[in-house]
Amino acid sequence: MRMPWTWAAPLASPLVVIVVIVMSVAAAAATMPPAAAAVGGSLLVPRVGMETIDADALVAILQQLRNHEQALDASFLGLCGILVFLMQTGFAMLTAGSVRSKNVQSLLFKNLIDCCTGAVAFYLFGFGLAYGASGNGFLSYSQFALSNVDVATSRDFFFQWAVSAAASTIVSGAIAERAAVHAYLLYSLVITGFLYPVVAHAVWDTKGWLSAHNVSPLLGSGMIDFAGSSIVHVVGGLSGLWGALIVGPRTGRFVNGVATPFPGHNVALIVLGCLLLWTGWFGFNAGAMLRVSTPVPHELFGGTVAVLSTGESVLFSPTLAVKHTLVSTTLGATGAALSGLVLSKVMIKVFDVCFIVNCLLGGLVSITAGAATMEPYAALLVGAFGALVYTGTSRAMTYFEVDDPVDGTGVHLGCGLWGTLSVGFFSTERLQAIAGFNHTHYGLAYGGGGRLLLCQVIGIAVIGAMVTVTIAPLFLLLRAFGILRVTADQEEAGIDEICHGGAAYPEDVRPWDTIVRENS
Amino acid sequence: MRMPWTWAAPLASPLVVIVVIVMSVAAAAATMPPAAAAVGGSLLVPRVGMETIDADALVAILQQLRNHEQALDASFLGLCGILVFLMQTGFAMLTAGSVRSKNVQSLLFKNLIDCCTGAVAFYLFGFGLAYGASGNGFLSYSQFALSNVDVATSRDFFFQWAVSAAASTIVSGAIAERAAVHAYLLYSLVITGFLYPVVAHAVWDTKGWLSAHNVSPLLGSGMIDFAGSSIVHVVGGLSGLWGALIVGPRTGRFVNGVATPFPGHNVALIVLGCLLLWTGWFGFNAGAMLRVSTPVPHELFGGTVAVLSTGESVLFSPTLAVKHTLVSTTLGATGAALSGLVLSKVMIKVFDVCFIVNCLLGGLVSITAGAATMEPYAALLVGAFGALVYTGTSRAMTYFEVDDPVDGTGVHLGCGLWGTLSVGFFSTERLQAIAGFNHTHYGLAYGGGGRLLLCQVIGIAVIGAMVTVTIAPLFLLLRAFGILRVTADQEEAGIDEICHGGAAYPEDVRPWDTIVRENS
Amino acid sequence: MRMPWTWAAPLASPLVVIVVIVMSVAAAAATMPPAAAAVGGSLLVPRVGMETIDADALVAILQQLRNHEQALDASFLGLCGILVFLMQTGFAMLTAGSVRSKNVQSLLFKNLIDCCTGAVAFYLFGFGLAYGASGNGFLSYSQFALSNVDVATSRDFFFQWAVSAAASTIVSGAIAERAAVHAYLLYSLVITGFLYPVVAHAVWDTKGWLSAHNVSPLLGSGMIDFAGSSIVHVVGGLSGLWGALIVGPRTGRFVNGVATPFPGHNVALIVLGCLLLWTGWFGFNAGAMLRVSTPVPHELFGGTVAVLSTGESVLFSPTLAVKHTLVSTTLGATGAALSGLVLSKVMIKVFDVCFIVNCLLGGLVSITAGAATMEPYAALLVGAFGALVYTGTSRAMTYFEVDDPVDGTGVHLGCGLWGTLSVGFFSTERLQAIAGFNHTHYGLAYGGGGRLLLCQVIGIAVIGAMVTVTIAPLFLLLRAFGILRVTADQEEAGIDEICHGGAAYPEDVRPWDTIVRENS
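Quick note, the sequences are listed as chains E, R and Z, same order.
Count along the first sequence from 1, add 2, and you get the number used in this note's numbering.
Count along the second sequence from 1, add 2, and you get the number used in this note's numbering.
Count along the third sequence from 1, add 2, and you get the number used in this note's numbering.
Think of the hints as simulated: they come from the structure by calculation, not from any bench.
Source: prediction; values computed, not measured.
Identical chains share a label here; the pair holds if one copy fits it or two copies do between them.
Each computed EDC-like pair below joins lysine to aspartate or glutamate, with the alpha-carbon atoms no more than 20 Å apart:
#1 Lys347 - Glu499
#2 Lys351 - Glu499
#3 Lys209 - Asp152
#4 Lys351 - Asp491
#5 Lys351 - Glu493
Taking the hints into account, I'd like the entire structure generated from these sequences.
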């Protein structure tokens, strides 16, 4: 009897072997990295091999990469926050050096205490108003007193507080040598507990109605203020201007239309302050990126690639943005200082160190908004022009007899406005993409249309209005209650003598007193 | 003839094919990530695929992750160490500003040189005594002069030296304006070469008998002093107190029960010092974590998860602990400054800047022990109460006629004790687990039992005894040999004139001298 | 009819099954990590499993590791650059404190402005000359004004600028109190725009003819100047010496062979400057590694292992090199300070703070060249001897009546030369390998042959010649045109009065003026 299928058996067996071999070869072939593997350069082509990895280990590797990212960003942002806090030392020395020695303690006190009242106000209210998880376009309303804050995903409180403290401190100089201490304390609570947070929310929070990070940004563009030319410096500078206007000039500063200069008592402290501010400013601008790690554009890591109008693909890269920011911060400051050098020689005929210091600081303020999104040459120009803006504002203050002892209005308000506007002109599509900004609208100078500039103008107008309606009534009210300004006698004697128990340099007084006594 | 098994052939072949197919499908199915893969969030689910990786590459990837961890931690800790070193500038300016101008060079000299003698003593002896690989609960005894130190696994010498230098420097202020230079040099060798290392070993080394990291900790709990309220500040502060007691008050400070204030000559230097100290303190407290990276809880990475009494699983996370530490350091300092603001107004009637500076520093000392393990609101309260502790200690010093020119006893000893105790009350189970501490015993205020508090008390008592038996005999011996204090004439003329070749501000003397000469 | 092969079917089928089983076992066995897996310790042995990973994900993981490496290095180097910039504050305070009060503004101005002119010059020319992509052994000639700079692969502009600014600033002290401002501005453009970049290119760029990183280094060894004892300090110090020689001593400094000391007006500023310089120096030396991440020695990551003459395999590890650098920088400075302490007591009979400050800074300069490649004890000795070199150079300056108001020639030139030479004696094979240097030639003291020392000598000679032919003619030309020095009247009145609009401490003048007026 025939068994009709037995002939198939000898064929079937080799066939199975062939199938196994073909499958093995196919599997091996599949380990050849595809063309996409070339992205990372030749180093990144994994070798063909036979190993497998268990799912747990793979998940652990991916989680460890994420942990490293978080640790890297926490370390970077924490250290940047410490540098931002170093600016408090800078502000204290700059303003203390800029006043007469009889008011030195007063300035030191204000600088020291405003970052303390600010910390408590920002902890209780400010952080929640600015960056709380729940909120609308105008403010957030959760996570007050750091409740329910998931440290891993929320904005970094420490860095944000240090930035808010800078905004608050700016005012101390403008109303120096005649404003009462209590008024200043109240003011600093309002700015860090309410005003600054609401402004920061509008521009920096992803929910903010002015923010370029909003999913549906204003005019399709939103406002770009990378590190806070408007949020920190216009807020601080305009608050100071309102203070200076409402408290009035120091006695004897403007007499019959003649302005008498009241030189600061110690230029060494001024330069110390300026250099420490500049040092901290690098951390301020670089930290504004809020991270330094660059995620790979793969679903595992969540990185993104933007396609520019030129067709170029650009990776969102905080690493590059941070490096770039340090360069533009350098060039913005130096452009302004050199511009100030020339201005000083031409206008004042000498190299006035205090004037150049203010120009340099004005350059830093100017480049703060566009530090991440302007080319180096533009940073140099924006800084250089910032020195002119400072000079003009400062002259206008004198012309209108508004007395700002440390000239902070020119530095922070004038250059803050200029810096915010300059983004609308000089921000580039490519750098916006690298720094993670909406890049469909960019600087007018590069053909990016006027929408970004328009958003900058709207932002400035709104922030100006917010500051004015909050701060001006506060100072007017304080004046109405007679607690805004020390008395004329107290001003003459010096605030240190009245409010702080004596002179900042008690020994310096002795020779002078002795002379007067001995000669009389 | 029949061949009985041939019928099986046609069946066998398809069966093998089926086996192969089933195995392939099973293998593919196995690449579906298990439920555990969800741990890291949806981003972390690896896609099913056909690739394998060779063992070499896998080992290299795991090693690179470990290398990144080490580089991240080395970078973080190195930069924190540099910030700790910045505190030397802070101490130098604070103490120099707090004395009369005739002793400024003396203070500057001591601050400059003690971190130098300390470095050599710590290099030769201290590091080996504190953290050497071989040792028992009381001290280590290997790796002197950094011999056989495996940099990859040992404690970081640089950071530890910077911390030890802070402990040493604290004393310079307490014995200022009358202690002889040679005595101070000898003292600073003893503290960094022996006393501080032995205390640090007991509490911070994993072998230390007081350490909460000991595998078999004291009372099952061990003592928690995160960044050194006791190890740095009680050691420095109590050493200073013994010094101040044994060297005696400055001539004229206490006459017939009346204390004459000797105001510091330069408040600007004091505030400069305070702000630089605060800036560096952030690095001090954050760096005390010794790392910033968070290892994944998988055998490949060695991370750990703790299960709290509530059943909650908490990951050991230096990243979160560092972020938390920066927040509590901010709030501890500001709570104390605002508390000091009120105290100053109530008690002194004016805003005394030097008093508020000391309150603020007292707040920093207070929060140092619990910076990683206290909630933000507790940090604020511990700081605020620290200002009261400082004030009380400072008043007691005056009452008992102990003269501490910079009031460091109140700041470092008083608040150091309070800070160490406060951990026993306010340390939370959850934050202890995050920071890697034994979490079975935690703060009394949260129902954590009294064992942690008891350990804190024992720790303080032991440290106090160790300081006393080391430092008091040293100072007594120096006094017995007559080399502890300058002569009355030298004290009157100023130590700068006698020991340092002249005044710190040589030009300032001229007008005064001239006046005296011209008028006589 | 017989079918001759049917007997094979029953055998074939089990054979296939066996083949499949054997292959599966083999595959499983292959997942057992090979011996090499032990490199990273037991934690790194991946478990056997059944998972596979798709090629995209694997490439993404590798790319993310590379991104982390870049972010880590960018963060580290950026923060180190900020610390280097802090040295500008240190230099400003040190030099301002070291001069008479009538010239304080002048020094502050020079320090402030030279890092600004330097930034523009370095941006436009210097960076391209030093590190441009195209170039030869003597200079690069591309990427001027940061054009076509691939931020991911190029040297970090920010860090390099901060280092170049240090070189430029050194000179301001040497020609203080009598050189004209315009001359200084011109000089600082030349040094940062041309001289420093060309020297840095020769030694630090991989294309440089003196560089130890050159693929074909000089004498098979090349010169090692890790952080710039020669490139920064010899360049700055020798430029200053030429300036001091050509501009001549201050009026009244040397009269009939007698040197009158002109003490600095403020020792507190000097110590402030010294401590800030030291703080920043840690970032300077650590940052000179240019990275902190350690790549695994696998083709995926590009790490390297060197085999020493002892047969030991040593991994190139920037992480370890950075940690080591911080330790040797600490010990170099403290060795010098303690050496200076003894020298001061023996030679000057008192503890001269300014002298000890200069010794300490000399120690920092001395250890800068060998910070990464010398053992800790050698760092201590090199620093200690550096204090002697400073003292000798300083005495020689006085003997030859060359007037350097801040004694920077001793600190920067003397110790810069010594530090560069010391590498030829004390650099070790093992540390050179860790830091990535050619390790076939190392320190003479360890039997490494004389080639490294010879390269150091050649390097110094060449750099000395380059500085001389550039700077001496410049200063001679300025003198020939009569614009190098202020007039005798101006010098008497003080440069602040003439060039900067008045005194740095305007109030200090009043008592004195009043006295004179009242008494006359």
